[in-house]
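Take a look at the letters that make up each chain.
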Amino acid sequence: MTAPEIYSLVLVLLTALAAGLVGSFALMKRMSLAGDVVSHIALPGLGLALLFNMNPLVGAAVALFCGTILIWRLQESATMTTDVAIGVIFTAALAIGIVLTPSEDLIEALFGGFQSLTPPWFAIGLLAVSVIVAFIWRFRHQLILSLFSPELAAATGVKVSRLNLYFLLVFSLTVLLGLRFLGAMLVGALIIIPAAIGRQLTHTLSAFLMASSAASVLSVLLGFTISRFYPHFTIANVRLNLTLGPAIIAMATILFLLSLLRKKI
Amino acid sequence: MSLLTVKNLSVRIEDKLIVDDVSFDLSERERLSILGPNGAGKTVLLKALLNLIPSTGKIGWSPEARIGYVPQKIDAEIHLPLTFNDLFQAKCSTLRVSIHDARNVAESVGLTKDILATPVGHLSGGQFQRGLIGFALIGEPNVLLLDEPTASVDEPGEEHIYELIHRLQEERNLASIMVSHDLSFVFRYATTVLCLNRQRVCFGSPRDALSHDVLEKLYGESVGFYAHDHHVSVSQPVQS
Chain A
1 MTAPEIYSLV LVLLTALAAG LVGSFALMKR MSLAGDVVSH IALPGLGLAL LFNMNPLVGA
61 AVALFCGTIL IWRLQESATM TTDVAIGVIF TAALAIGIVL TPSEDLIEAL FGGFQSLTPP
121 WFAIGLLAVS VIVAFIWRFR HQLILSLFSP ELAAATGVKV SRLNLYFLLV FSLTVLLGLR
181 FLGAMLVGAL IIIPAAIGRQ LTHTLSAFLM ASSAASVLSV LLGFTISRFY PHFTIANVRL
241 NLTLGPAIIA MATILFLLSL LRKKI
Chain B
266 MSLLTVKNLS VRIEDKLIVD DVSFDLSERE RLSILGPNGA GKTVLLKALL NLIPSTGKIG
326 WSPEARIGYV PQKIDAEIHL PLTFNDLFQA KCSTLRVSIH DARNVAESVG LTKDILATPV
386 GHLSGGQFQR GLIGFALIGE PNVLLLDEPT ASVDEPGEEH IYELIHRLQE ERNLASIMVS
446 HDLSFVFRYA TTVLCLNRQR VCFGSPRDAL SHDVLEKLYG ESVGFYAHDH HVSVSQPVQS
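The listed protein sequences correspond, in order, to chains A and B. End of the first sequence = 265 in the numbering used here, gap-free, step of one. End of the second sequence = 505 in the numbering used here, gap-free, step of one.
These aren't lab readings, by the way, just hints derived from the structure by calculation. Any given hint might turn out to be false.
For each label pair, taking beta carbons as the anchor points, the in silico distance ranges come out as [claimed, not checked]:
1. A:Leu257 with B:Thr377: 29 to 39 Å
2. B:Ile324 with A:Ala85: 28 to 38 Å
3. A:Gln75 with B:Asp419: 30 to 40 Å
4. A:Leu261 with B:Gly386: 46 to 56 Å
5. A:Val131 with B:Ile324: 35 to 45 Å
6. A:Ile96 with B:Arg437: 58 to 68 Å
7. B:Gly386 with A:Asn53: 47 to 57 Å
8. B:Pro302 with A:Val58: 52 to 62 Å
9. A:Leu261 with B:Pro302: 50 to 60 Å
10. B:Pro421 with A:Leu261: 33 to 43 Å
This structure is a prediction, so every number in the text was calculated from the model and none was measured. Cβ atoms here follow ideal geometry from the backbone N, Cα and C, with glycine treated the same way.
Build the full structure now, drawing on both the sequences and the hints.
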């Protein structure tokens, strides 16, 4: 492996670790589908950036930021139409994104891939992972109180609305990190499937967080190995196309199915 | 000394007036019970006092007031992998108080190590309620706000919870504002009662304030309540 490929592998593993942690809290906050909503919102930005020959991740970041603020405002308004609004926005974003994205880039935008990283992008990625892990560590107690009862958290002095915004921003940052490897369609799965595995295997908070992160890192390791060494696996004359993103999510899904067989620790 | 002064407090939710022009005071160690039928605005009043919902009028907490809150019910996901250990630790960390505070509290509300380490969804109603009361006591509050603290507890457990609250009030010199449906509890333990039916219907010591007329006005005629000269008995708790 070349150095830029190693940077890329290290970053995708660290992203998996962050996704496990963020996904655990997202699952407890009953935001399981938020990963899909958020990642779909990234697509129009990604498409526009590609159209104008800009870095697609910059376009995705801008779209994600705007989408995050929008979702936060919708959550805060807590009206009956919030679900509907989110549903409309994310499918519309997907459609607009697909229309905008040049067709030669579409598959990668939707399903990701393995690209080598230059040192500056690796450094930015490392910084983003540090921000995510530091946020979860610093605010874990406030997050725990607010997911147990927002009202009790507020009465204890937690600024719940601001905390929700911070969490959504960190959530979107995790999506952004995973976007280049997994694409807009699959990145949500890296956040939620490992957390579902962790929840299946554990019943204490610390064990849950560790198990989710471990499941996420293991899925990425297995997915990476398979897509690199057996990208065109053949079973019963059916040739499987195991690119990185689908391979990771396929491995995560197999781990999830296995976790259904295990007792909680 | 007055811990809380409430003047002309009104709360509107989506254009509906839920609490209308309510005023009262709370002194140190005073035990105020709020009585009223369903939809009278009791919970809303408590939430307004905690600044959880917007209101108009004046809510003046003294600078010395440290508030502990026991909510009516928690809509916590039953499968959350959280224990009262986690929650106590989270509150200690948020308030920046020592974790020893949580250990003392756990002992005084009768939470064993096993109960503290059990996921909240697996606890009985009584254990869960003790946990919530313990949670409220972290940070050494001098006033407790309790919203029907026995709502999720079966009948024999109810008595234990009331006894526990009463004992804690005595030991820790706590003032309290409690929403309760149980008239016998109000007569036994409350020093003051506020009857609420959107507006203030009565205010004063239970014996003076809770006349037959007031109760009838609050609940209608079906209340099984008998007051004798020096003895008050209640045939059944008022269900509202």
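Now the hints, each set against the structure:
1. A:Leu257 with B:Thr377: 29 to 39 Å: holds, 38 Å
2. B:Ile324 with A:Ala85: 28 to 38 Å: The hint (28 to 38 Å, Cβ to Cβ) holds, given that Ile324 of chain B and Ala85 of chain A are roughly 34 Å apart.
3. A:Gln75 with B:Asp419: 30 to 40 Å: Roughly 36 Å apart at Cβ, these two residues keep to the hinted range, so it holds.
4. A:Leu261 with B:Gly386: 46 to 56 Å: This hint is violated: roughly 23 Å between Cβ atoms.
5. A:Val131 with B:Ile324: 35 to 45 Å: holds, 38 Å
6. A:Ile96 with B:Arg437: 58 to 68 Å: Given range 58 to 68 Å: holds, Cβ gap about 60 Å.
7. B:Gly386 with A:Asn53: 47 to 57 Å: Because 53 Å falls inside the window, the suggested range holds.
8. B:Pro302 with A:Val58: 52 to 62 Å: Distance hint for Pro302 of chain B, Val58 of chain A holds at roughly 59 Å.
9. A:Leu261 with B:Pro302: 50 to 60 Å: For Pro302 of chain B against Leu261 of chain A, whose Cβ atoms are near 53 Å apart, the range 50 to 60 Å holds.
10. B:Pro421 with A:Leu261: 33 to 43 Å: Hint holds: Cβ distance 41 Å, inside 33 to 43 Å.
In summary, the one numbered hint that this structure violates is 4.
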